[in-house]
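Student: Below are the chains, spelled out letter by letter.
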Amino acid sequence: MNHLIATFPFIVYATAVLILLTKSDTRRATFYRKIVPDYREFRIRKPIRMALMYSLLVPFMVFIVVGNAAGFLCYFGAITVIGWLVAEMPGNVI
Amino acid sequence: MTRTQIEKSTKKASLLSLHSWSGVVLGMLLYAVIFTGTVAVIAHEIGQWSQSQAPKDRLRHADIDALVRQLAEQTDPKYTEEISITESYNNQLVFFFHTHGTNPSGALDDIGVEYRVNEHNEVVQTRQGFGSELFPTDDTNALGRFLVSIHTELHMPKPWGLILTGILGLAMLVAAVSGILMHRHLFTDIFLLRSARSGEKLKRDAHTVAGTWSLPFAFLLAFTGSFFSFATSFGLPAMAMVAFGGDQKAMIYTLVGEQMEVSETPKETTNLNLMIQDASARNDAAPNNIVISHYNTESASMELFFLPSQGAIISKYEQYNAATGSAEGVKPFVGTEPSFGSLILSLIFPVHYGTFAGLFSKLVWVSLGVASCYVTMTGLQLYAHRRENKLSQWQWLPRFCHWGFIGLPLCSLASAVGFFISSSLGLSTSNWTPLAFVIAAGMVTILSVVVKPITTLKYVLLALTGLMCISLPLIRIALSQTGWISAVQHHFEAVLFVDLSLFVCGALCLYQVVNYLRQKTLSQSTLPEAV
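Here the protein sequences line up with chains A and B, keeping their order.
Residue numbering for the first sequence follows this note's numbering, beginning at 39 and increasing consecutively.
Residue numbering for the second sequence follows this note's numbering, beginning at -9 and increasing consecutively.
By construction, these hints were calculated from the structure, which means they are not laboratory data.
A couple of the hints might just be wrong.
With a straight-line cut-off of 30 Å between C-alpha atoms, the simulated BS3-like cross-links for lysine-lysine are [unchecked claim]: (1) K61/A with K72/A; (2) K61/A with K191/B; (3) K191/B with K84/A.
Can you build the whole structure from these sequences, using the hints too?
Tutor: See the structure below:
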């Protein structure tokens, strides 16, 4: 199970980053600002957003370096599903 | 409009047309394949769950050597050419003593005797025949086998089912590529789901967001799935024709890496248990299955199949010279020498089914399957929604969507009910599992025709699915006496996983139904006030 436990911190990190990216998405904010009365806008500057986005690729490098192929695939699948689920959340949640 | 703009607009219309038609024509079949593929990821757990008996790793702990010797003595010597040993889901050891031949339909097949040995090392069942006749009538795995067969062949005769699922995989690739090309804001819209809207806009957003996120895996799963289908139905026979002059047997010997020159000189095979213990210790696991070739001859060999070890993706075949008992290392997936082609081939199965890191990777792969199902559903629903108000000839499509999208899970659950009931009555589960599916499909079809309001039809089917999901674990517990406490005590994760998944799915279905009924009651009670 060790190689799987090693993927969990990365998955937690990716979830946090994906929530931040979703919350600070300008197109999403523009839409929800109009329809959610107390919508709390959360802005992140574009370079930081880009850095956050690219940081999602770092775990892939780590998995390659340590030779954890199963972790690589699990992380890849997990961010796909988490990204979709986070984007599905309505504006009053995220 | 400039000429470039007109060209762009025409290209976009063509791509939309390609995307829509590949989805509309094959969408429902594609959904059937993806849904059952999602189930197929946990087919092993479903097999264990359906028998409610915790695995005991008997291939590692039983006295295999004594059992093989005892059974070999009572078997026709020609069937000792190859002996495959597996553990069934009801903890019986299954020994298949066989040789290779041609079955009545003219295909290459295994022929021999199958023995089932219970936990007291007693032979409880003996059957003789072709492998293609014996395996499809194994009652212990009837449920998992039935669901997997929908995924791989749609229960169509060979090779047509495989060809159709291969075409469906290609249709998925076409839809993914045309989807990328025609959507201008694919990645900028990746977080935008306008859930406050309704109708076409919400459906389009839902389709685009889920489609974009699952895009890499749509490619991966569609490609690997098509490969499986076409390799078996078309690729291998074509290769036999071209490279081996039509000699399929020679091709299989080369691919499997079997010895071409075999000495039949008698020589007692060394203790099988020692080789099993050695391989199990080196892999820190019990073998998944064992194959012994040319038993009690100079050419005797043994192969033990192990699921991927920690951090790895690829399964392993440990090979032994059974005449001397010496380990011969890991056998390549294809051929006798390690090769890049063998490596790629060995990656395809785990990448397609997510069977490389236990329940964790399977859970991720099931979620990816759900996302792909959702993309197919929203795509077809979007097409139906765009047309239902405009053209009268498309009125059937939304009804067809509910029939298929909710009907298929409902019928699959009904097949599980059929399995449990027939098993408890001592009937053939191999017959009753598909029959229960067909009966349920008939009832869902009648409901879809009889219930006129389309929203009512949707929620009736959802309510039935929810009730079936919740009742299945209760039926299983009542019939098997293996409850959750016992499952925890025996580290029987498969039972807990499937039961809890069913409860969650049931609760989600019933929540939607209750929500709909509440809103309906609310709108009816506020209507007179408004008037």
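Student: Does each hint hold? Answer for all of them.
Tutor: Going through the hints against the structure:
no.: 1; hint: K61/A with K72/A; result: 15 Å, holds
no.: 2; hint: K61/A with K191/B; result: 21 Å, holds
no.: 3; hint: K191/B with K84/A; result: 28 Å, holds
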